[in-house]
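Participant: Each chain is listed here by its residues.
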Amino acid sequence: MALKFFSPKEAEILEILIACMVGIDQPDVFKRSPTSEGQSIDYAPTVIIDDFVAKLPEGLRGQLRQALHLFQWCPMIFIGKPRLFTRLSPQSAEAYIRTWAESRFGLRRRIFRGLRDLTFLGYYSHGEGDGDDHSWL
Amino acid sequence: MVMIIRGCDIQQDLSETVDVCVIGSGAGGAVAAKELAEAGLSVIVLEAGDAHQPATFSRHAPEMLHRLFWDGGMRTTRDGSILISQGRGVGGSTVHNFCYAVRTPEPILDKWGIHDLSPELDRVEATLGVKQIDEAQVNHLNRVIRRGCEAMGWRGVVQRHNRGPCADCSVGCFLGCRESKPGIGKQSMDVTYIPRALEAGACLYSNCHAELIRVENGRAIGVVAQLGKDSDRSSSNHRLTVDCQAVVLAAGAINSPQLWLKSRLPDPGKQVGKNLHLHPAVFVGGIFDDVIDAHQGITQSYYVNHFLELERDPDSGYILMPAFGSPVLVAASMPAFGHEHRELMENYRHIAALLVLLHDRSSGRVVVNRHGHPVIRYRLSRGDRALLVEGMVNAARLLFAAGAREIILPYTRRIPIKSESDFDVIRQRGIVSNDMLIASSHPQGTLRMGSHPRHSVVDTYGEAHAVKGLFVTDASLFPSSIGIPPTLTIAALADRIARRLAVNWPL
Numbered sequence: 001m002a003l004k005f006f007s008p009k010e011a012e013i014l015e016i017l018i019a020c021m022v023g024i025d026q027p028d029v030f031k032r033s034p035t036s037e038g039q040s041i042d043y044a045p046t047v048i049i050d051d052f053v054a055k056l057p058e059g060l061r062g063q064l065r066q067a068l069h070l071f072q073w074c075p076m077i078f079i080g081k082p083r084l085f086t087r088l089s090p091q092s093a094e095a096y097i098r099t100w101a102e103s104r105f106g107l108r109r110r111i112f113r114g115l116r117d118l119t120f121l122g123y124y125s126h127g128e129g130d131g132d133d134h135s136w137l
Numbered sequence: 138m139v140m141i142i143r144g145c146d147i148q149q150d151l152s153e154t155v156d157v158c159v160i161g162s163g164a165g166g167a168v169a170a171k172e173l174a175e176a177g178l179s180v181i182v183l184e185a186g187d188a189h190q191p192a193t194f195s196r197h198a199p200e201m202l203h204r205l206f207w208d209g210g211m212r213t214t215r216d217g218s219i220l221i222s223q224g225r226g227v228g229g230s231t232v233h234n235f236c237y238a239v240r241t242p243e244p245i246l247d248k249w250g251i252h253d254l255s256p257e258l259d260r261v262e263a264t265l266g267v268k269q270i271d272e273a274q275v276n277h278l279n280r281v282i283r284r285g286c287e288a289m290g291w292r293g294v295v296q297r298h299n300r301g302p303c304a305d306c307s308v309g310c311f312l313g314c315r316e317s318k319p320g321i322g323k324q325s326m327d328v329t330y331i332p333r334a335l336e337a338g339a340c341l342y343s344n345c346h347a348e349l350i351r352v353e354n355g356r357a358i359g360v361v362a363q364l365g366k367d368s369d370r371s372s373s374n375h376r377l378t379v380d381c382q383a384v385v386l387a388a389g390a391i392n393s394p395q396l397w398l399k400s401r402l403p404d405p406g407k408q409v410g411k412n413l414h415l416h417p418a419v420f421v422g423g424i425f426d427d428v429i430d431a432h433q434g435i436t437q438s439y440y441v442n443h444f445l446e447l448e449r450d451p452d453s454g455y456i457l458m459p460a461f462g463s464p465v466l467v468a469a470s471m472p473a474f475g476h477e478h479r480e481l482m483e484n485y486r487h488i489a490a491l492l493v494l495l496h497d498r499s500s501g502r503v504v505v506n507r508h509g510h511p512v513i514r515y516r517l518s519r520g521d522r523a524l525l526v527e528g529m530v531n532a533a534r535l536l537f538a539a540g541a542r543e544i545i546l547p548y549t550r551r552i553p554i555k556s557e558s559d560f561d562v563i564r565q566r567g568i569v570s571n572d573m574l575i576a577s578s579h580p581q582g583t584l585r586m587g588s589h590p591r592h593s594v595v596d597t598y599g600e601a602h603a604v605k606g607l608f609v610t611d612a613s614l615f616p617s618s619i620g621i622p623p624t625l626t627i628a629a630l631a632d633r634i635a636r637r638l639a640v641n642w643p644l
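These protein sequences, in sequence, are chains A and B.
The numbers in the working numbering rise by one with no breaks, and the one at position 49 of the first sequence is 49.
The numbers in the working numbering rise by one with no breaks, and the one at position 37 of the second sequence is 174.
Think of the hints as simulated: they come from the structure by calculation, not from any bench.
It is possible that part of the hints are untrue.
To be verified - Residues from chain B that face chain A, not an exhaustive set, calculated with beta carbons under 7 Å: (1) His197; (2) Pro199; (3) Gly209; (4) Pro464; (5) Phe474; (6) His476; (7) Thr549; (8) Ser570.
Every residue, glycine too, gets a C-beta built ideally from N, C-alpha and C.
Kindly produce the complete structure, drawing on both the sequences and the hints.
Facilitator: This is the structure we're talking about:
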């Protein structure tokens, strides 16, 4: 896939994060979708998010990148597992994300909300994106 | 000759000399431009965003967020707790709003010291084609909300909209109306006032970001703008220098004070950027056994104004507005993550939701950082938090009365509410920053009008106390929170200020 902002490593973190946040077991379900003109467009949520973030103002882009790296590197600190986020089991990943979601610290909750809603933007924008398209169900 | 010039197509520095330079093309700027041009003044309008072609609007949220909103729709208060949606592009926020056309309540006008705004409101309504929503256009979501409101014995009303015949497309309003053209679909500024301003001789530069208001000897004499930067981030990197006798600032309640502060304009009362009100809003949903399909038809045609008693208290209260959107917007409003969130999303067609929109007493401030970017400081006061909680409880009561089997609260942790006996959870948890989506679409008040320079930035006809020839015509003008959807009021005040400016011309 052609990325505009995130590195391949960052895209891998993002893919796992999307699967955890939206509750799907197969992170690559929406890789390619036909358009009404019969062409095929890469609609992977990661690609949608990458394109969206690439157009954001520089400061916001930088914050999102930092947030993603923090998420990747902190399982040891918050759940005591000496692994990267992308190497956690699904159960451990959920427990780890919950520590961010329900943290006493506003900044951690802010990072959780920002990343959660970004993954929703990528995932639920698949297809036509209007309310009559329920292909995400 | 009708002229819209795309700043990103210009490959040289330019200069223009006109009577009036208008910064912004939303509800405030478009109206001012049209009135001034029709009065015979030469007018140039500078718009930071794109000149939209509504037929090209898609339903792809990531694309439309970049095309229609500042910062791709991700602008927030400094602590990240409130998401602020502000329109960018020709037509400003009128391109993405839901077309509520509500006249300014008398108690608010009294509080602001404006005795009669009726002639201006009448003119604006005529130009925007404001009409009562037909009963047949009230969609299932709004009928469910009305059913709950009536069961509670509360007051609510089917509203008036600036909307022509429309296809009732699903979730179309928020991402831009593809039908929009004069007399049809959404009657936003880009298809009403702007074409009339251009026909009267105004010139509009899109993709042209005002960077500096020039002042000499206490008088506004021009504007310097950066050409380029469309939503695809292409840029010409050239400048437009405008020499003029008056500047109309209508860039919205965040960007107008930002430009004032960046330009280091006089601020003797230290009021610029203060008095920010946001109308913070939170989501409360209900899951119904029946299919609601809230995404179909006009999202907001009715609202509950039972808890906004401006005659008794012009400074507080809230309204309950039907709310829904594309799957992306609904997903972001829901609690939880992972399988728990997905389970809620599987009820998408069975959800009716309300926004509790607060008439806020809390006030914040817009400042600029060392790069000249706006920083938005705002904290909800204890009283406003309590009122939002009360609003959430009443929204839940209404949804139960309408037949909901479960209430969805916006907290990060899913807390199912199955009956009224569970409401104590809401009261105990309250409003916690970054634990729920709090949204704002109505920033206002940051260059407030008033008669005294110590307590206000501009006079009651919008002219800056400290800079002659500098006028403000956007929601920055509001001396206090207005408590209702503000578009009609912004446009009426712009009409009032522009007509007075034209009558007094030359300055």
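Participant: Next step is simple, just say for each hint if it's right about the structure.
Facilitator: Against the structure, the hints:
Against a cut-off of 7 Å between C-beta atoms, the interface hint on B:His197 holds, since the closest Cβ of chain A lies about 5 Å away. Checking B:Pro199 against chain A: minimum C-beta separation of about 4 Å stays under 7 Å; hint holds. For B:Gly209, the suggested interface contact is upheld, since its CB lies about 5 Å from the closest CB of chain A, less than 7 Å. A hinted interface residue such as B:Pro464 counts as satisfied when its beta carbon comes closer than 7 Å to some beta carbon of chain A; here the least separation is about 4 Å, so the hint holds.
Taking 7 Å as the C-beta contact cut-off toward chain A, the hint placing B:Phe474 at the interface holds, the least distance being around 5 Å. Given hint, B:His476 at the interface with chain A, holds; its Cβ is 4 Å from that chain's nearest Cβ, closer than 7 Å. For B:Thr549, the interface hint holds, since its Cβ comes within 7 Å of a Cβ in chain A; the closest pair sits about 5 Å apart. Interface hint at B:Ser570: satisfied, since its Cβ lies 5 Å from the closest Cβ of chain A, which is below the 7 Å cut-off.
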